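For reference, the chains in residue letters:
Number of protein chains: 2
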Amino acid sequence: MTVSRAIQDHYPPSFAHCYGCGPANSRGLHLKSAWSNGEIVATFTPEAHDMAMPGFVYGGLIASLIDCHAMATAAAHVERAEGRAVGEQPALRYVTASLHVQYLKPTPLGEELLLRARVTETGRRKVVVAVSVETGGSVTAKGEVVAVPIPESMSRARNDATQ
Amino acid sequence: MTVSRAIQDHYPPSFAHCYGCGPANSRGLHLKSAWSNGEIVATFTPEAHDMAMPGFVYGGLIASLIDCHAMATAAAHVERAEGRAVGEQPALRYVTASLHVQYLKPTPLGEELLLRARVTETGRRKVVVAVSVETGGSVTAKGEVVAVPIPESMSRARNDATQ
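Line by line, the protein sequences give chains F and U.
Okay, so the first sequence: first residue is 39 according to this note's numbering, each after it adds one.
Okay, so the second sequence: first residue is 39 according to this note's numbering, each after it adds one.
Isolated chain F, as found in the complex (with noise of 0.2 Å):
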């Protein structure tokens, strides 16, 4: 068996239908996720229209891609805490509490992006996430998200809605 490193590619089928990093949602960005060197690594080139304005990635695209790659960093920190390999058991599903970006200068547009990710934080009920994005060598975006395990409310709304 091929175990792909990608924290994304297992996540629960039932709870892959992300539109940032779920393999199943068909319009999605598809990020991927994974650890290289004790940090969780994901590349990503924004497409012609995911601009500000000409020339410079959107904000909101950048909040897309920090928050998703927080949320596969805090189950394959915890993952690995429990002396899980990824792809051993399906991955842990968080969700955001809390997003804060800083865009700390212009992010241009036609360059890959390089998201890295690690924790600073982990309590019984929250895993804080630090992140940053960058370009050609400098970082033009830091964020910081708080992830908490899937609520109990989403989850039941999510198996009602597949019986």
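The set of hints was computed from the structure by calculation and includes no laboratory data.
This one's a predicted model, so the numbers in the text were calculated from it and none came from an experiment.
Please note: incorrect hints may appear among the correct ones.
No copy is singled out in the list; a pair is fine if it fits within one copy or between any two copies.
Stated by the list, open to error - Below, simulated DMTMM-like cross-link-like pairs (lysine to aspartate or glutamate); rule was C-alpha separation at most 20 Å, straight line:
id: 1; residue 1: LYS143; residue 2: GLU190
id: 2; residue 1: LYS143; residue 2: GLU182
id: 3; residue 1: LYS143; residue 2: GLU126
id: 4; residue 1: LYS143; residue 2: GLU172
id: 5; residue 1: LYS164; residue 2: GLU190
id: 6; residue 1: LYS164; residue 2: GLU126
id: 7; residue 1: LYS70; residue 2: GLU172
id: 8; residue 1: LYS143; residue 2: GLU117
id: 9; residue 1: LYS143; residue 2: GLU77
id: 10; residue 1: LYS164; residue 2: GLU120
id: 11; residue 1: LYS70; residue 2: GLU117
id: 12; residue 1: LYS180; residue 2: GLU120
id: 13; residue 1: LYS70; residue 2: GLU182
id: 14; residue 1: LYS180; residue 2: GLU126
id: 15; residue 1: LYS70; residue 2: GLU150
id: 16; residue 1: LYS70; residue 2: GLU149
Position chain U against the provided structure of chain F, taking the given hints into account.
Relative to the frame of chain F, chain U by itself:
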């Protein structure tokens, strides 16, 4: 002459390509924000693929809508403070320095979202905007966004690109 009430319809043509709210972006979301009873409001109905998981709106979309709505609010607020009506001149163009979104509860998919915004702080170099996202009378997310006038570097690059 009919003057549109939407702030974004009066963005200068060179800066009207934003994915979230630019009238000139053929693939974009085309958010429209306008004055209503002393605040800036917008409505938006997410599409089926705009999901975090089946039944719930993608947080990245919510962040994107908050972002664009806040930029329009900053423009409209400063314009009004300077005694101008919407559409009297091209709208001012702000960009996001910081975006903070709190997801208070899951946002159900399939319903119209109402965004409401007001300016909480105006400085020489920044405008701070508070945004709420409501559906069915319930606030599901709140945003605080720091808007700054479009930086010289973006403006210059844009002008270079169109010459």
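Status of each hint after checking the structure:
1. LYS143 / GLU190: Cα proximity of LYS143 and GLU190: across copies only (11 Å, versus 39 Å in one copy).
2. LYS143 / GLU182: Answer is both; intra-copy 17 Å and inter-copy 19 Å each pass.
3. LYS143 / GLU126: The answer is neither: 39 Å in one copy and 31 Å across copies each exceed 20 Å.
4. LYS143 / GLU172: within (11 Å within a copy, 31 Å between copies)
5. LYS164 / GLU190: Within. Shortest intra-copy distance 15 Å satisfies the 20 Å Cα cut-off; inter-copy 39 Å does not.
6. LYS164 / GLU126: The answer is neither: 23 Å in one copy and 48 Å across copies each exceed 20 Å.
7. LYS70 / GLU172: within (16 Å within a copy, 31 Å between copies)
8. LYS143 / GLU117: neither (34 Å within a copy, 25 Å between copies)
9. LYS143 / GLU77: neither (23 Å within a copy, 29 Å between copies)
10. LYS164 / GLU120: within (15 Å within a copy, 45 Å between copies)
11. LYS70 / GLU117: within (17 Å within a copy, 42 Å between copies)
12. LYS180 / GLU120: Answer is neither; intra-copy 28 Å and inter-copy 33 Å both fail.
13. LYS70 / GLU182: within (19 Å within a copy, 28 Å between copies)
14. LYS180 / GLU126: neither (31 Å within a copy, 37 Å between copies)
15. LYS70 / GLU150: within (14 Å within a copy, 30 Å between copies)
16. LYS70 / GLU149: within (17 Å within a copy, 29 Å between copies)
Hints 3, 6, 8, 9, 12 and 14 from the list above are not met by this structure, while the remaining hints are.
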